[in-house]
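Guided by the hints, dock chain B onto chain A, whose structure is given.
Number of protein chains: 2
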Amino acid sequence: MTEPLPPGSVIGILGGGQLGRMLSVAASRLGLRCHIFEPSANPPASHVAERVTTASYNDNVALAAFAKAVDLVTFEFENVPTEALDLIEDTVQIRPSRQALAISQDRIAEKDFLTSIGLTVAPYAAVDDLSDLEAALGRIGTPSILKTRRLGYDGKGQHRLSEETNLTDVMAAVQDTPCVLEGFVDFEREISVIGARSTDGEVVCYDPGENVHRDGILDTTTVPANIPASLKQDAVLVAGRILNALDYVGVMGVEMFVTPQGLMINEIAPRVHNSGHWTQNACEVDQFEQHMRAVAGWPLGDGSRHSDAVMTNLIGDDANAWREAPSGLHLYGKAEARAGRKMGHINRISPKS
Amino acid sequence: MTEPLPPGSVIGILGGGQLGRMLSVAASRLGLRCHIFEPSANPPASHVAERVTTASYNDNVALAAFAKAVDLVTFEFENVPTEALDLIEDTVQIRPSRQALAISQDRIAEKDFLTSIGLTVAPYAAVDDLSDLEAALGRIGTPSILKTRRLGYDGKGQHRLSEETNLTDVMAAVQDTPCVLEGFVDFEREISVIGARSTDGEVVCYDPGENVHRDGILDTTTVPANIPASLKQDAVLVAGRILNALDYVGVMGVEMFVTPQGLMINEIAPRVHNSGHWTQNACEVDQFEQHMRAVAGWPLGDGSRHSDAVMTNLIGDDANAWREAPSGLHLYGKAEARAGRKMGHINRISPKS
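Taken in sequence, the protein lines are chains A and B. Just so you know, the first sequence maps onto residues 918 to 1270 in my numbering. Just so you know, the second sequence maps onto residues 918 to 1270 in my numbering.
Extracted from the complex, chain A is given alone in its bound form (with noise of 0.2 Å):
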């Protein structure tokens, strides 16, 4: 048992983006107080943040004095560089851990680890050049995607292979970044688990949400999904067991493909995560304060479900929609609305189902 962390204390972010700002938010409702590390200027997470830092995470004095500044470290988003991430480490406490940051900067590494767990993902390969791209294509076949193995979100770095494609074009448009091909999977539907787990190995998951994308960026998510109670029950399992042998502490977003052979792990998101914003009117305790009360080392909170749910995401001028929304607004605080940037989203409730 470690000790929480008071009422008081100040916790740091990593990134400044609309996450940190609803994580930010969260933690207020604890007594926490939140300092952010960001390099841009102006983030979402500012307008709501005790303290914050603009500085390059590669500003070694920066991330010195921020170390410094706070009772413990977390992050909104997971490509924080190794470097920044062990300078902070010799001063504080970063939770969820490296190993857990690790393996999902990596979809080889990603897949390695879910693999190694027993669960199940879509057929994979390194593809470092055109020889690999080559060899995995005889393996795996087209339709197939090819992904960069670092840094990709929201579709960005991705390329769909058909027969038809040109393989030295693809490789070109890659500029030989390492990539991994991924057998494409003919799912039935994609769904989300928000789980989180504390310090003392507590895990709780909320109901999975079913997913649709829209251009690559997720669209809504839907609350309860529409899929057999054992699916569901068997979703909640796969996220407790991925929590469990990371040893991990925070929230973690789980994304899985529906298909005939059962469920196949797309993704996972060491992090709060967009297909989890619905618990933030749909639930006794959101996916933030939950993160929050499980990296301070608190007990979980109550995470049930006292309505049913649609968190419509708003994209680019999607966001004029604040002048007609009657509830379940929430605006990002970002000033350009340029097409393709998530701006904010609308929770819609409704009785339980």
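Treat the hints as calculated values from the structure; they're not laboratory data. Mixed in with the good hints there might be a few duds.
No copy labels: a pair is met if it fits in one copy or bridges any two.
[As the list claims (entries may be wrong)] Distance condition first, Cα-Cα at most 20 Å in a straight line; then the derived DMTMM-like pairs of lysine to aspartate or glutamate: (1) Lys1149 / Glu1172; (2) Lys1149 / Glu1107; (3) Lys985 / Glu1051; (4) Lys1259 / Asp1136; (5) Lys1149 / Asp1225; (6) Lys1259 / Glu1000; (7) Lys1269 / Asp1219; (8) Lys1269 / Asp1225; (9) Lys1269 / Glu1201; (10) Lys1259 / Asp1235; (11) Lys1149 / Glu1184; (12) Lys985 / Glu1006.
Chain B only, in chain A's frame:
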């Protein structure tokens, strides 16, 4: 029709206590940014606001700079000095209006106003000196309560009078501050209605809550109140009448006594109110977001209730409850848990009855 303040606008809030803190959090959901003006250092709202001015309400330079830096001013408490408001209003609009503030700052003005629109209040009389007090007691009798006309809250500045009370001692205790003598109301229960009115004159009221006090401080608010449906409707109509009569914009708390003769108004507060904190966990849009929507000129939100709720204040050492509360916890970020100090609250919800 006024044009609403768009997301990205800056709302100035006079006062940085827990109400300012929760207003700031609600504003962030709407993409609005907050600038707090507060005389004391490190106030609760400063942990979740983008900007904080630490200055006295007599600091004209700081007030002028604050007014210039924001798009609108609202307040979390009603005792802002008139001169400060005058100075701010030279530059930027204040909502709710000065009229509502002026009335609620003076118990006599408030009771005169409520009586003038046909509502019932306890018998009252202005008391400036001993002879006023004797005359007032001759008319109102005992038991009764002598309250300061201004600056009273949470039972402070109140003296209960019985037949045995030494009147000279009481006048010495209030140090000749202008007072009001109120007849003691033998009420069945106290309820309150949190109402909101938009710039377009739309009114939305939350379901009445039932309040129980302990040592002069609100202890619990329970929703639904244990009163007949007809009385709930009356209570909401009364709140609506007050909001309309004042051409009010924003959220107001209206405390009422349920007596054998019907509803009697105890007092009004031209701001979000402790007895409305339950809305955070039991409603689609809470009182804080509703206030921000109203003052920003937005359409009001959906104030409907999806759950029953009991709000319990955490006073002084009650705040240690954070170790056990699995949901509905709201701490205010105050460093010192002094006796009688509001440190937080817990909202316990249950399925709607």
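Results for each hint:
1. Lys1149 / Glu1172: Within. Shortest intra-copy distance 13 Å satisfies the 20 Å Cα cut-off; inter-copy 47 Å does not.
2. Lys1149 / Glu1107: within (12 Å within a copy, 46 Å between copies)
3. Lys985 / Glu1051: Cα proximity of Lys985 and Glu1051: none, with 50 Å in one copy and 64 Å across.
4. Lys1259 / Asp1136: within (10 Å within a copy, 41 Å between copies)
5. Lys1149 / Asp1225: Within one copy, since 15 Å is at most 20 Å while 28 Å is not.
6. Lys1259 / Glu1000: For Lys1259 and Glu1000, the Cα distance exceeds 20 Å both inside one copy (29 Å) and across copies (44 Å).
7. Lys1269 / Asp1219: both (17 Å within a copy, 18 Å between copies)
8. Lys1269 / Asp1225: Classified as both; 5 Å inside a copy, 15 Å across copies.
9. Lys1269 / Glu1201: both (13 Å within a copy, 14 Å between copies)
10. Lys1259 / Asp1235: within (9 Å within a copy, 40 Å between copies)
11. Lys1149 / Glu1184: within (17 Å within a copy, 51 Å between copies)
12. Lys985 / Glu1006: Intra 10 Å, inter 43 Å, cutoff 20 Å: intra-copy only.
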